[in-house]
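Participant: Use these hints to put chains B and C onto chain A, whose structure you have.
Listed below, chain by chain, are the residues.
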Amino acid sequence: MTGNGIEIEHLDKRFGNFHAVRDMSFAAEDGKITAILGPSGSGKSTVLRMIAGLERPDAGRVTITGEEQTWVPVQERRVGFVFQHYALFRHMTVRDNVGFGLAIRKEKKPEIRRRVDELLELVQLAPFAERYPDQLSGGQRQRVALARALAARPRVLLLDEPFGALDARVRQELRRWLDDLHRELGVTSLFVTHDQEEALELANEVIVMHLGRVEQVGTPNDVYNHPASPFVAGFIGSANVLNGTVRDGHLVFGEHRLPGAAHLPDGATAHAYIRPIDVRITQGAPSGYSYRTTVERINNLGPSSKIRFRLTDGQALLADLPNDVMPVLEAGQQVLLDLRNVKMFEREQDPKHEAAAIA
Amino acid sequence: MSIQTQRLERTTPRARNSGGGSRARHLVATVAGRWSLRGVALVYLGLMVALPTAAVISRGFGHGLTALKDALTSPGAHQALKLTVVLAALTAAINAALGTVVAYVLVRYRFFGRGAVSTLVDIPFAIPTLVTGIMLVVLYGPNSLIGGFFVDHGFQIIFARPGILIALLFVTLPLVVRTVQPVLLEMDLAEEEAARVLGASRWTTFRKVVFPHLRSGVVAGGLLSFARAMGEFGAVVILSGNLLNKTLTAPVFVYQLLSQFKPDQAAAVATLLFGLSFLLVLVTERLIVRKRRS
Amino acid sequence: MSAREIRPARLSTTARRRLVHGGLITAALVYVGTLVLAPLVGIAWAAIKPGWAPWKETLTSGDALHAYELTGIIALISVLVTAVFGVMVALVLSRDRFPGRGIVSAVADLPIAISPVIVGLMVVLLFGRGGWFEPWLTAHGIQVIFAVPSIALVTMLICIPFVIREVVPVLEELGNEEEEAAKTLGASSLQTFFRITLPNIQWGLLYGIALSTARAIGEVGAVIVVSSLIAGQTETATLYIFRLFEQGHDDQGYIVALTLAAISIVLLAGIEIFKRREEKELSS
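Protein chains in written order, with our numbering: chain A, 49 to 407; chain B, 517 to 810; chain C, -8 to 275.
Some hints here could point you the wrong way.
What the hints assert, rightly or not - With a straight-line cut-off of 16 Å between C-alpha atoms, the simulated EDC-like cross-links for lysine to aspartate or glutamate are: (1) C:K271 - C:E170; (2) A:K354 - A:D368; (3) C:K266 - B:D638; (4) C:K271 - A:D182; (5) C:K40 - C:D241; (6) A:K80 - A:E55; (7) C:K271 - B:E702.
To be verified - So the derived label-pair ranges between C-beta atoms look like this: (8) C:E60 - B:T589: 39 to 47 Å; (9) C:L273 - B:T589: 48 to 56 Å; (10) A:D182 - B:R723: 33 to 41 Å; (11) A:S353 - C:R92: 57 to 65 Å.
Stated by the list, open to error - Below, a sample of chain B positions facing chain A; criterion: calculated Cβ distance under 10 Å: (12) A540; (13) R541; (14) G555.
No lab work stands behind these hints: they were computed from the structure.
C-beta: ideal position from N, C-alpha, C; glycine also.
If we strip away everything but chain A, and leave its shape as in the complex, we get (with noise of 0.2 Å):
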């Protein structure tokens, strides 16, 4: 397949007074798996119709493998599209839920089933070809809506959230799997979910959307080790978050100094976003940039260990410390802690914004 993937530009959508989605713009790359994160309500699942044709944009163009769709109706954009709740054809075997878009293009009965087949077999499910959808498991049903849209050699892959209806199990395992088909068939894939360890996961890309805006574009890596945004920040990978006021380059909170300010206006009011796991306890006397706390909660989980430091301005932190390095702690006990990799953004102006971002 040539052609550039999947290309919109400038996307906008309301329904009656709701802005779901604002001018957005991205590029999904030929052959990759792109993931659309982002929390409920951003509007993610409505770029995705409207891609697919099951909605019609209010300004803006799309593009599929170089071929402008905006108006073409859905019938005939040929993308295969995997519904949440699996959409499966209740009345229909397997086998005919599989052939559906081979039928309605009239391909030969022979060829149908041979295509049929060859799916049934690439998911696993070739026992099950003649049970009908209510005979089979959540995991089952999704692989065969997978199936159904690959059958018809489609140019382009879309998901809606498609392990969002599985228990955590079946999730993780078809996760995997999805993993593996791509490699094999290698079609250009875009997928959308509020779960980001399987974006993380799964994504070559990843388009981080939220209000109906695109926060941050890029690789796994980059969004989690460099969020571009204090949304990004707080959505990827649990945070914690410090607020104080910038003063010299440094974040001021109580006696603490953090530094790292120096791209903020002096005088303004930011917040500091640290991951659990780069909170550290440090030795040693009491340093310009070592914080003084006390232990507040400590919850043993297997291998590591959760606690709860409480900074002496009143400000909490979590830590995500492994057992094996941790020293023995207690309630109440004074501790010094050395904090890592801290991002700083200054203070919104959009409070729902932000609100997001903190939650």
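Facilitator: Positioned in the frame of chain A, the structure of chains B and C alone reads:
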């Protein structure tokens, strides 16, 4: 890998599409599609329901209120209307209560004969109303065992108001039961169980937890029964005797006006009656929709 | 809610509860039994009491056969028309959101709530003497009132709500994801309807069709208004029964009435089966 090689095979002949499809062409296609279905539905209902309704209203009130006045001043008119409304209200009330009991029993209990009761409840939907009237005459008529017994004690069922009430209860029974049953089925048993765990008696549980859920269903079923009872003809015309000022009901009255070649008056009274029905249907519709959404 | 106290003087709570349960069940059984079952038994007895001899004579008379035939044809036409249009209306009501949808839904429900006599009146006012369409009809020599077309028309009017009321909830319950999936796989709207939507609504649709057939067969109020009551021409089965009683042929009347009741009950069996299938599908 067989699949990979096939990936590079022919693209399917269809769906090679020129340019990106024009916005105009698409808009026309969707609008045409949506409006053709909507259009058919609206024209169908318009021709079949709206048009005839307009005809009745225009005939009944085309010359102002004279037709209505004439109709209402003819002998027996007032009595007929009053009787119809009172009997319909009574029917609705009784079936709202007993119908709810039947629905509750059918949903919440298992007992011998449950399937039979469920089927029996649906029978009034299927039986011709004329046959209903005949059945009741056979069962309660002056020559029957039961009817004869009552007549001997001065209480007449057939050709008297009690008979009409029984007929109306018969035809409206399924309306309440079938409106309440789905609500009960959908209701989360957990709520009832939670109340009982907290110590509430069955009756209190019903009153405070179950009934509020059912309320809109019961009211909707009751209103529908009322409208249905007001319009009943086939059973009533057979078993009431249609006695002026005694057992003449509004629908039979309208029929009589028609037979007397007074279409204007008939139309006037008919407009009144179905105006009321339409109102009831609107209210019922709102109740059911609101219930379904929550 | 106070904790339960020990009340040795009264019945134990379990026994009291059983009494209440038993009482409710009995009440329901008694009510439905006397209201519905008893009359059915009564008419069966009345029709069978005089013996089987009059049966053959009554049911094979020319008038009877004509009446059954007319009823059959009318029912067939009415149910077909209202089923096809009913599905269309149901699709619009459940899938299309437009202002005034509530009113359209109420209009579709209206025939259930108005008296059949009024329905007959409506048709008379449109097609009868002095009616809106009368001049055009006489000019073309078409007879509607007091002829079969008007009987078909009123029956159709009466049957409008049944399919709609049954199919709308099914469509709403199912949602339209399957249809969207079909479209992404290339199916046109028509293909989607016949291959996906129709099979999904089949039990609700059949249930509605069975109900409207029963109604069509049993209609009397509207038909009596528009029919000329001429035996062998515009006399439906119900009108035939009516005439038999007017003319004092009670015994024959019971027989024909029982046959209609029997047909309705057979239809009812169909109704019950379709309803169970529909419920089973919706719950899965």
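Participant: Each hint should be assessed against the structure and marked as holding or not.
Facilitator: For each hint, the structure was consulted:
Between the alpha carbons of C:K271 and C:E170 the distance comes to roughly 21 Å, so the proposed pair goes past 16 Å and is violated. With a CA separation close to 5 Å, the supplied pair A:K354 and A:D368 stays within the 16 Å bound. With a C-alpha separation of about 11 Å, the suggested pair C:K266 and B:D638 falls inside the 16 Å cut-off, and the hint holds. A distance of roughly 12 Å separates the Cα atoms of C:K271 and A:D182; the hinted pair therefore holds under the 16 Å criterion.
With a CA separation close to 12 Å, the supplied pair C:K40 and C:D241 stays within the 16 Å bound. Our distance criterion of 16 Å between C-alpha atoms is met by A:K80 and A:E55, whose separation comes to about 13 Å. Restraint check for C:K271 and B:E702: the C-alpha separation of about 14 Å stays at or below 16 Å, so the hint holds. Between C:E60 and B:T589 the Cβ separation comes to about 44 Å, which falls inside the hinted range of 39 to 47 Å.
Distance hint check: the CB atoms of C:L273 and B:T589 are about 53 Å apart, consistent with the given range 48 to 56 Å. At about 38 Å, the beta-carbon gap between A:D182 and B:R723 stays in the expected band of 33 to 41 Å. For the hinted restraint 57 to 65 Å between A:S353 and C:R92, the CB-CB distance of approximately 58 Å keeps it satisfied. Hint status for B:A540 relative to chain A: holds, with the closest Cβ pair at about 8 Å, below 10 Å.
A hinted interface residue such as B:R541 counts as satisfied when its beta carbon comes closer than 10 Å to some beta carbon of chain A; here the least separation is about 7 Å, so the hint holds. At about 20 Å, the closest approach between the beta carbon of B:G555 and any beta carbon in chain A exceeds 10 Å, and the interface hint on this residue is violated.
Hint violations for this structure: numbers 1 and 14, all remaining hints satisfied.
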